[in-house]
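2 protein chains.
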Amino acid sequence: MTTRRYSAAEPVGQLVEELHKLPGIGPKTAQRLTYHLVRMPRDDAMRLADAILAVKDRIVLCSQCYNITETDPCPLCSGPTRDRTRICVVEEALDVVALERTGVYTGLYHVLHGVISPMNGIGPDELKIRPLLDRLKGGGVREVILATNPNLEGEATSMYVHNLIAPLGVKVTRPARGLPVGGDLEYADEVTLSRAIEGRQSM
Amino acid sequence: MTTRRYSAAEPVGQLVEELHKLPGIGPKTAQRLTYHLVRMPRDDAMRLADAILAVKDRIVLCSQCYNITETDPCPLCSGPTRDRTRICVVEEALDVVALERTGVYTGLYHVLHGVISPMNGIGPDELKIRPLLDRLKGGGVREVILATNPNLEGEATSMYVHNLIAPLGVKVTRPARGLPVGGDLEYADEVTLSRAIEGRQSM
Chain X
1 MTTRRYSAAE PVGQLVEELH KLPGIGPKTA QRLTYHLVRM PRDDAMRLAD
51 AILAVKDRIV LCSQCYNITE TDPCPLCSGP TRDRTRICVV EEALDVVALE
101 RTGVYTGLYH VLHGVISPMN GIGPDELKIR PLLDRLKGGG VREVILATNP
151 NLEGEATSMY VHNLIAPLGV KVTRPARGLP VGGDLEYADE VTLSRAIEGR
201 QSM
Chain B
1 MTTRRYSAAE PVGQLVEELH KLPGIGPKTA QRLTYHLVRM PRDDAMRLAD
51 AILAVKDRIV LCSQCYNITE TDPCPLCSGP TRDRTRICVV EEALDVVALE
101 RTGVYTGLYH VLHGVISPMN GIGPDELKIR PLLDRLKGGG VREVILATNP
151 NLEGEATSMY VHNLIAPLGV KVTRPARGLP VGGDLEYADE VTLSRAIEGR
201 QSM
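In order, the protein sequence lines correspond to chains X and B.
Heads up: the first sequence is residues 1 to 203, going by our numbering.
Heads up: the second sequence is residues 1 to 203, going by our numbering.
Errors might be hidden in some of the hints.
Said to hold, decoys possible - Pairs of lysine to aspartate or glutamate, DMTMM-like flavour, derived with a Cα cap of 20 Å: (1) X:Lys21 <-> B:Glu143; (2) X:Lys137 <-> X:Asp83; (3) B:Lys56 <-> X:Asp83.
To be verified - Chain B residues, not near chain X, derived (Cβ > 10 Å throughout): (4) Gly123; (5) Pro124; (6) Gly138.
Everything labelled a hint here was simulated from the structure, so no lab data went into it.
A virtual CB, placed ideally from N, CA and C, is assigned to each residue, including glycine.
When you get a sec, could you build the whole thing from the sequences and use the hints?
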């Protein structure tokens, strides 16, 4: 007789494995979450499973800005009060939520769904850059704000998009670089501090 | 006309909310996971939802040791090679998996499903302590290993269980306290180091 190694019941192992596939969920966290789900009331677990299926069934990409939405075009693209002469280009749908939370931007968006990253095999054709150019060629847009993340890949992607937009005669801007509000000057990294001094504004 | 605040599509908000209810998942992580699930292939998301439902449908508590299992009694309680004279008492089903991974323990288990924690309104009656006493009264058990977590609540729970078991004449032990293997002596906290010195073993 062979000694079989004990492992948790098969559905438990299965759930640990599926959770572990999610970004930022390590094996330990996947285990903790699984055992939490095992103990959770059935209705709560059902609600979670249903919510997962609902995003797959009911969410589509807006055919204009490629934001995720339940209706096409999305509420932002079809909003009667939005400024249609401005398009803010972002990497992810999450960035739209963050920008809308500020309330200072009233224009349209364009979601690239990633950044150019040769290391990960993501070239310009994997992103929604071509549809952006088509929107601009359609006319009516006077300013494009390139709001990719202020890191190496984000900057490179912005540069690439900028070069494609430049010939179209549209004004291209990007959010200011500087000291984060509420931060400490002495803890700011060198690059941020340099940008903040270079871009100093009159009071 | 009132200005409506933009929020992500309703199924997205729903999923963020459900994920946020899980332990250790803050609002930011819940958002990240949600957008990952939105982009994920439909089949992968289905597998995750199915795995969640499977643990609710197919997992029960073993009527003997209260470990989580697909079959009752669980494979450990019904294992022909397990030493039935020893019961190791643990807080969670996860602890069983951790102990079984070591391979050094061949006895049975008893899962308390928590610790006594008056702050959280968890008294002895919320735990599987009564069934443990019933098992011991059934006879045949010579040693109980109290392997609750080595923290305040775990120790208090062990003390409580110990007091109840003592009159039954069963030997009660607990895992050794000392320096974690692979650790650095200079980084060990005071209490751990004290316990390690007090419990020093001859070489």
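Hint check:
1. X:Lys21 <-> B:Glu143: violated, 41 Å
2. X:Lys137 <-> X:Asp83: holds, 17 Å
3. B:Lys56 <-> X:Asp83: violated, 49 Å
4. Gly123: holds, 18 Å
5. Pro124: Consistent with the label, proline 124 of chain B stays out of reach of chain X, its closest Cβ about 18 Å off (over 10 Å).
6. Gly138: holds, 23 Å
Consistency with the previously given hints fails for numbers 1, 3, ordered from lowest to highest.
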